[in-house]
Amino acid sequence: MAIDPIDARGDLRLTRITKSYGDFKAVDDLSLTIPEGSFFALLGPSGCGKTTTLRMVAGLEEPTVGSIHLGDTDITTTRAYQRPINTVFQNYALFPHLTIFENIAFGLRRRGVKDVKEQVEKVLSLVELPHLAQRKPTQLSGGQQQRIALARAIVNRPALLLLDEPLGALDLKLRRQMQIELKWIQREVGLTFVHVTHDQEEAMTMADTIAVMNEGKIEQMGTPADLYDDPETAFVANFLGQSNLIKGKIEGRDGDNLVIDLFGQKISMPSARSHAVDNTLYAGIRPEKFRISRTGSTLRGNILSGGRIEDVSYIGVSTQYVVAMPWGQELMVFEQNDDGVPPFNKGEEVVISWEPNFTFALRGDEDVEAGTEVNPEEIQE
Amino acid sequence: MSTSVKDASIPTIPFKARFSRWFGRNLLRIYMVFGFTYLFIPVAYTFAFSFNDAGKSNLIWKGFTLGNWQNPCGAPQICNALGNSIKIGALATLFSTILGTMIAFAIGRYKFKGRSTSNLLIFLPMATPEIVLGASLLSLFLVFKINPGFWPTVIAHVMFCVSFVVVTVKARIASLDPRLEQAAMDLYANERETFKRVTLPLVAPGIAGAALLAFSLSFDDFIITNFNSGTLITFPKFVYVAAARGIPAQANVIGSSMFFLALAIVIAGQLVHRRRSR
Chain X
1 MAIDPIDARG
11 DLRLTRITKS
21 YGDFKAVDDL
31 SLTIPEGSFF
41 ALLGPSGCGK
51 TTTLRMVAGL
61 EEPTVGSIHL
71 GDTDITTTRA
81 YQRPINTVFQ
91 NYALFPHLTI
101 FENIAFGLRR
111 RGVKDVKEQV
121 EKVLSLVELP
131 HLAQRKPTQL
141 SGGQQQRIAL
151 ARAIVNRPAL
161 LLLDEPLGAL
171 DLKLRRQMQI
181 ELKWIQREVG
191 LTFVHVTHDQ
201 EEAMTMADTI
211 AVMNEGKIEQ
221 MGTPADLYDD
231 PETAFVANFL
241 GQSNLIKGKI
251 EGRDGDNLVI
261 DLFGQKISMP
271 SARSHAVDNT
281 LYAGIRPEKF
291 RISRTGSTLR
301 GNILSGGRIE
311 DVSYIGVSTQ
321 YVVAMPWGQE
331 LMVFEQNDDG
341 VPPFNKGEEV
351 VISWEPNFTF
361 ALRGDEDVEA
371 GTEVNPEEIQ
381 E
Chain G
1 MSTSVKDASI
11 PTIPFKARFS
21 RWFGRNLLRI
31 YMVFGFTYLF
41 IPVAYTFAFS
51 FNDAGKSNLI
61 WKGFTLGNWQ
71 NPCGAPQICN
81 ALGNSIKIGA
91 LATLFSTILG
101 TMIAFAIGRY
111 KFKGRSTSNL
121 LIFLPMATPE
131 IVLGASLLSL
141 FLVFKINPGF
151 WPTVIAHVMF
161 CVSFVVVTVK
171 ARIASLDPRL
181 EQAAMDLYAN
191 ERETFKRVTL
201 PLVAPGIAGA
211 ALLAFSLSFD
221 DFIITNFNSG
231 TLITFPKFVY
241 VAAARGIPAQ
251 ANVIGSSMFF
261 LALAIVIAGQ
271 LVHRRRSR
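Line order of the protein sequences matches chains X and G. Residues in the first sequence are numbered consecutively from 1, following the numbering used here. Residues in the second sequence are numbered consecutively from 1, following the numbering used here.
If you are wondering where the hints come from, they were derived from the structure by calculation, not from laboratory data. Backbone N, C-alpha and C define an ideal beta-carbon position, used for all residues, glycine too. Watch out, some of these pointers could steer you wrong.
[Stated by the list, open to error] Derived CB-CB ranges, DEER-like:
no., chain 1, residue 1, chain 2, residue 2, range
1, X, ASP208, G, LEU176, 52 to 62 Å
2, G, PRO178, X, ASP278, 30 to 40 Å
3, X, GLY37, G, LYS196, 28 to 38 Å
4, X, LYS217, G, PHE123, 38 to 48 Å
5, X, ALA2, G, ARG115, 49 to 59 Å
6, X, ASP4, G, ILE98, 32 to 42 Å
7, G, PHE23, X, SER125, 50 to 60 Å
8, X, GLU330, G, ARG25, 21 to 31 Å
9, G, ARG25, X, ASP115, 24 to 34 Å
10, X, GLN320, G, ARG274, 52 to 62 Å
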């Protein structure tokens with residue numbers, strides 16, 4: 001019996017989606033548009049609702065409230081097998097009793113497609129594994145299974161391809177290689193990819209647009225560079241890379257800049273990069289944007305003096321310092337080892353400086369620890 | 001070569017230490033040999049005495065003959081009894097496997113009111129003494145004015161085989177990754193196609209195992225059968241009656257054949273499984 005999936009293409013729109021399990025809201029009033037042809041990542045820690053969101057798009061769960069549209073078609077209650085959407089499952093879910101060929105042909109056969117053999121062979125050569133057609137899934141390595149799972153989905157040329165932590169089971173080196181390959185395949189086939197991951201590096205490497213999710217809501221959405229350079233919340237600032245967040249007060253304005261008091265020292269920053277709602281804020285600076293100098297050097301830009309080197313870690317390409325500031329906070333500083341300047345020693349008195357444009361500001365009532373307690377490498381869902 | 005020359009500088013390990021090390025390493029193997037010997041002596045005995053030129057009583061070895069194997073139906077009534085047992089076994093297996101598989105899917109896959117109660121009740125026939133089951137079934141049949149015989153025996157066998165089928169198939173269903181069925185649904189297979197193409201093939205080994213178990217339980221059953229079969233002779237009943245005046249060697253022939261048939265099925269199953277998962 002052949003199934004005709006509904007013929008819908010276009011942007012995916014989630015409108016005010018909520019998914020509750022009893023009192024717990026896995027996804028909480030979420031709205032999102034994923035443009036056709038993009039590589040979109042849903043990034044967040046385990047339990048943030050990203051996988052639930054993906055399963056609702058796939059049709060494996062139904063939202064409690066809200067609607068899902070693909071182009072102009074409402075697919076909220078459409079069954080999974082009627083949606084032109086395919087999924088690359090976490091741990092791949094290849095059918096163990098079927099050969100690789102039959103695994104890939106599964107979707108084509110269910111839809112009653114004619115030239116099954118030709119299409120399967122084509123997609124097998126796209127993932128560079130044509131010699132494995134007659135094997136069984138258990139005879140393949142993890143990386144090979146991953147590619148077959150991808151091939152089994154893209155052979156159907158779905159309007160939307162969902163990837164649920166697709167690289168989670170691979171080792172680091174293979175993961176890096178597959179990141180580049182996935183991106184290449186996405187360009188090659190021109191499908192919309194929606195990628196769910198807890199690995200910020202993976203999301204940043206592959207996606208055009210990232211939505212950072214936390215506790216069932218989207219914290220911030222944008223390009224990887226937007227999110228990294230101008231995070232709007234402490235969660236985003238801490239979950240994507242590391243941030244130094246220093247409590248401060250807005251003292252006044254100077255043209256397009258804000259003048260900010262950080263524990264008695266004045267700095268400035270572009271007012272467009274401030275997300276503060278009143279005159280209290282957290283000034284945020286990424287560790288690699290800081291420069292360390294000896295006390296007494298002539299410096300430009302923002303300066304914080306009175307630091308003392310607390311710890312030095314030499315990592316080859318860079319050196320990581322922990323600098324204790326007079327107000328008791330410890331700041332992280334990453335210095336590139338590119339200028340031949342000898343590293344600073346523990347206990348040295350130093351001054352920290354940075355370019356004002358690199359500063360961002362968060363609301364003064366933020367929880368500065370948000371997103372730090374999650375170590376993405378350790379999460380296994 | 002230097003390795004073949006005894007080097008006096010290499011310290012030798014005393015025999016006692018070497019023996020205790022060897023013994024420690026092979027303890028499990030030694031235990032296994034004893035275990036299997038214990039298990040297979042009766043089978044070996046049965047097989048050996050199937051070649052006994054016994055005459056009426058097959059208790060003492062009287063000389064080798066192939067006569068029993070050439071004429072397994074030689075003893076009066078024996079093949080009639082065997083035929084009845086096979087027929088009852090086949091029917092009981094068929095019905096109990098179908099019913100049991102459906103129950104296993106219901107309990108293993110769906111949430112419904114009374115699920116945990118059903119789960120518990122399924123175990124009850126396995127735990128109840130057969131003598132009680134047999135006697136109460138007979139009185140039940142008599143209440144409904146059904147005379148003991150072939151069909152009451154089949155019904156009784158289905159009743160106690162179902163529990164074993166449910167337990168076996170349920171274990172297989174529990175080990176099935178639900179994501180495989182989700183993947184099938186995701187790949188345009190509706191519920192019926194998903195069941196046919198993914199669920200059933202993956203549960204099939206469990207169903208086959210359950211069917212084999214059901215057949216051997218039914219074929220073997222004496223107590224419940226004795227209550228419910230009336231004048232019908234089954235193979236266990238035949239052996240029981242014959243035991244009073246000496247079991248004919250043909251019974252050993254049939255017993256050995258059943259054993260080798262079962263062995264062949266198990267080996268074939270293993271080979272198929274190995275080839276499939278290779």
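Quick rundown of the hints versus the structure:
1. X:ASP208 with G:LEU176: 52 to 62 Å: violated (38 Å)
2. G:PRO178 with X:ASP278: 30 to 40 Å: For X:ASP278 against G:PRO178, whose Cβ atoms are near 50 Å apart, the range 30 to 40 Å is violated.
3. X:GLY37 with G:LYS196: 28 to 38 Å: About 36 Å separates the Cβ atoms of X:GLY37 and G:LYS196, which means 28 to 38 Å holds.
4. X:LYS217 with G:PHE123: 38 to 48 Å: holds (47 Å)
5. X:ALA2 with G:ARG115: 49 to 59 Å: At 35 Å between Cβs, range violated.
6. X:ASP4 with G:ILE98: 32 to 42 Å: holds (33 Å)
7. G:PHE23 with X:SER125: 50 to 60 Å: At 58 Å between Cβs, range holds.
8. X:GLU330 with G:ARG25: 21 to 31 Å: Since X:GLU330 and G:ARG25 have Cβ atoms about 57 Å apart, the given range 21 to 31 Å is violated.
9. G:ARG25 with X:ASP115: 24 to 34 Å: violated (60 Å)
10. X:GLN320 with G:ARG274: 52 to 62 Å: holds (54 Å)
In the structure shown, a violation is registered for the earlier hints numbered 1, 2, 5, 8, 9, in ascending order.
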